[in-house]
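*Asks:* Can you build the whole structure from these sequences, using the hints too?
Respectively, the protein sequence lines represent chains W and F.
Under my numbering, the first residue of the first sequence carries the number 27, and numbering increases by one thereafter.
Under my numbering, the first residue of the second sequence carries the number 4, and numbering increases by one thereafter.
Hints should not be assumed to be uniformly reliable.
Taking lysine to any residue pairs in the SDA-like style, the calculated list, with each CA pair at most 20 Å apart, reads [stated by the list, open to error]:
1) K113(W) - F103(W)
2) K25(F) - T39(F)
3) K25(F) - A37(F)
4) K113(W) - G34(W)
5) K113(W) - R32(W)
6) K113(W) - L37(W)
7) K25(F) - I105(W)
8) K113(W) - R33(F)
9) K113(W) - A68(F)
10) K113(W) - L41(W)
11) K25(F) - L14(F)
12) K25(F) - H110(W)
13) K113(W) - T26(F)
14) K25(F) - G34(W)
15) K25(F) - R32(W)
16) K25(F) - R36(F)
17) K113(W) - A37(F)
18) K25(F) - M109(W)
Have a look at the derived ranges for each label pair, beta carbon to beta carbon [said to hold, decoys possible]:
19) V8(F) - A82(W): 38 to 46 Å
20) F76(W) - V6(F): 33 to 41 Å
21) P97(W) - V8(F): 31 to 39 Å
22) S10(F) - A88(W): 25 to 33 Å
23) V43(F) - S65(W): 22 to 30 Å
24) A46(F) - L96(W): 27 to 35 Å
25) D68(W) - G18(F): 19 to 27 Å
26) A7(F) - D68(W): 21 to 29 Å
In case anyone wonders, no lab produced these hints; they're calculated from the structure.
Just so it is clear, CB atoms sit at the ideal spot from N, CA and C, and this is done for glycine as well.
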Amino acid sequence: MIVAIRRGRELASFLGSCAFLAGMLGATAAGLFPVLLRSAHDPSRSLTAFAASNDAFGLRAALAWLAIGLPLALGYFTIVFRMHRGKAVAAADGEGY
Amino acid sequence: MLVAVFSLVALTAHGAAFLTWKTDGVVHARAQRAGTLLFVLVAALWPVVTIATRSVHPEFFSGFASRPLAWLAAVVAVGGLGP
Numbered sequence: 027m028i029v030a031i032r033r034g035r036e037l038a039s040f041l042g043s044c045a046f047l048a049g050m051l052g053a054t055a056a057g058l059f060p061v062l063l064r065s066a067h068d069p070s071r072s073l074t075a076f077a078a079s080n081d082a083f084g085l086r087a088a089l090a091w092l093a094i095g096l097p098l099a100l101g102y103f104t105i106v107f108r109m110h111r112g113k114a115v116a117a118a119d120g121e122g123y
Numbered sequence: 004m005l006v007a008v009f010s011l012v013a014l015t016a017h018g019a020a021f022l023t024w025k026t027d028g029v030v031h032a033r034a035q036r037a038g039t040l041l042f043v044l045v046a047a048l049w050p051v052v053t054i055a056t057r058s059v060h061p062e063f064f065s066g067f068a069s070r071p072l073a074w075l076a077a078v079v080a081v082g083g084l085g086p
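*Replies:* Below, the structure written as structure tokens:
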């Protein structure tokens, strides 16, 4: 990121930053699993993924909604990024909105 | 507190990278300067936060060796910071 942003490779710098944040979050999640919320007083009372999960019916319903919602979210972001591709240009009268 | 400061710096650097990419002119130049400084801070703070986490919660890293996804994610993070 540091080299890219100084050399003007702006997209590479932004994507590097995305990878860094995703990697940090992923490494933290993978390192902590199955603990979601660690108990500072008694580690045996920590909230785990297994203890916090729903029953089989609830998990199947969540998966079905994910199959519907994820493509919608991806489509939304695709449209937004296509609409705003390129550099942002300020209006001639100085109004930013 | 240290993790909170690190998160703030990393997310601000991410915003600066986005602004550098999407703007030009004065805003672009200011975002580029801020981003360069913030990314250096991120690179400097990351090992400090890792060592502090290791000393406070040593069990956090105990499962790393046997978890390939954790290693993969760490490699992605290092790769993202590198280029």
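*Asks:* Taking the hints in turn, state whether each one holds.
*Replies:* Each hint tested on the structure:
1. For the given pair, K113(W) sits about 17 Å from F103(W) by alpha-carbon distance, which is consistent with the 20 Å threshold.
2. For the hint pairing K25(F) with T39(F), the CA-to-CA distance comes to about 16 Å; that is within 20 Å, so the pair holds.
3. Only pairs whose Cα atoms come within 20 Å are accepted, and K25(F) paired with A37(F) is accepted, the gap being roughly 15 Å.
4. Under the criterion of a C-alpha separation no larger than 20 Å, the hint pairing K113(W) with G34(W) is consistent with the structure, at around 14 Å.
5. For the proposed pair K113(W) and R32(W), the alpha carbon gap of about 18 Å is at most 20 Å, so the pair holds.
6. Distance check on the hinted pair: K113(W) and L37(W) sit about 11 Å apart at the alpha-carbon level, within 20 Å; holds.
7. The suggested pairing of K25(F) with I105(W) holds, with an alpha-carbon distance near 16 Å, which does not exceed 20 Å.
8. A threshold of 20 Å between alpha carbons decides the hint, and for K113(W) with R33(F) the separation of about 15 Å falls inside it, so the pair holds.
9. Taking the CA atoms of K113(W) and A68(F), the gap is near 43 Å; set against the 20 Å cutoff, the hint is violated.
10. This hinted pair checks out: K113(W) and L41(W) have alpha carbons roughly 16 Å apart, not beyond 20 Å.
11. For the proposed pair K25(F) and L14(F), the alpha carbon gap of about 17 Å is at most 20 Å, so the pair holds.
12. A C-alpha spacing of about 9 Å is found between K25(F) and H110(W), which places the hinted pair at or below 20 Å, so the restraint holds.
13. At roughly 5 Å between alpha-carbon atoms, K113(W) and T26(F) fall within 20 Å of each other, so this suggested pair holds.
14. In summary, the hint linking K25(F) to G34(W) is supported, as the alpha carbons are separated by about 12 Å, within the 20 Å threshold.
15. Our distance criterion of 20 Å between C-alpha atoms is met by K25(F) and R32(W), whose separation comes to about 15 Å.
16. Of the pairs offered as hints, the one joining K25(F) and R36(F) holds, with about 15 Å between alpha carbons and a cut-off of 20 Å not exceeded.
17. Our distance criterion of 20 Å between C-alpha atoms is met by K113(W) and A37(F), whose separation comes to about 19 Å.
18. In summary, the hint linking K25(F) to M109(W) is supported, as the alpha carbons are separated by about 13 Å, within the 20 Å threshold.
19. Under the hint 38 to 46 Å, the C-beta atoms of V8(F) and A82(W), about 42 Å apart, fit the expected range.
20. The supplied range of 33 to 41 Å is broken by F76(W) and V6(F), whose beta-carbon atoms lie about 26 Å from each other.
21. Here the CB-CB span from P97(W) to V8(F) is close to 37 Å, well matched to the stated 31 to 39 Å.
22. Between S10(F) and A88(W) the beta carbon distance is about 28 Å. The supplied range of 25 to 33 Å therefore holds.
23. The supplied range of 22 to 30 Å is broken by V43(F) and S65(W), whose beta-carbon atoms lie about 36 Å from each other.
24. Distance hint check: the CB atoms of A46(F) and L96(W) are about 33 Å apart, consistent with the given range 27 to 35 Å.
25. A C-beta distance of roughly 39 Å is found between D68(W) and G18(F), which places it outside the suggested range of 19 to 27 Å.
26. In this structure the hint that A7(F) and D68(W) lie 21 to 29 Å apart at CB holds, the actual value being about 24 Å.
Violated hints, listed in ascending order, are 9, 20, 23, 25; each of the other numbered hints is respected by the structure.
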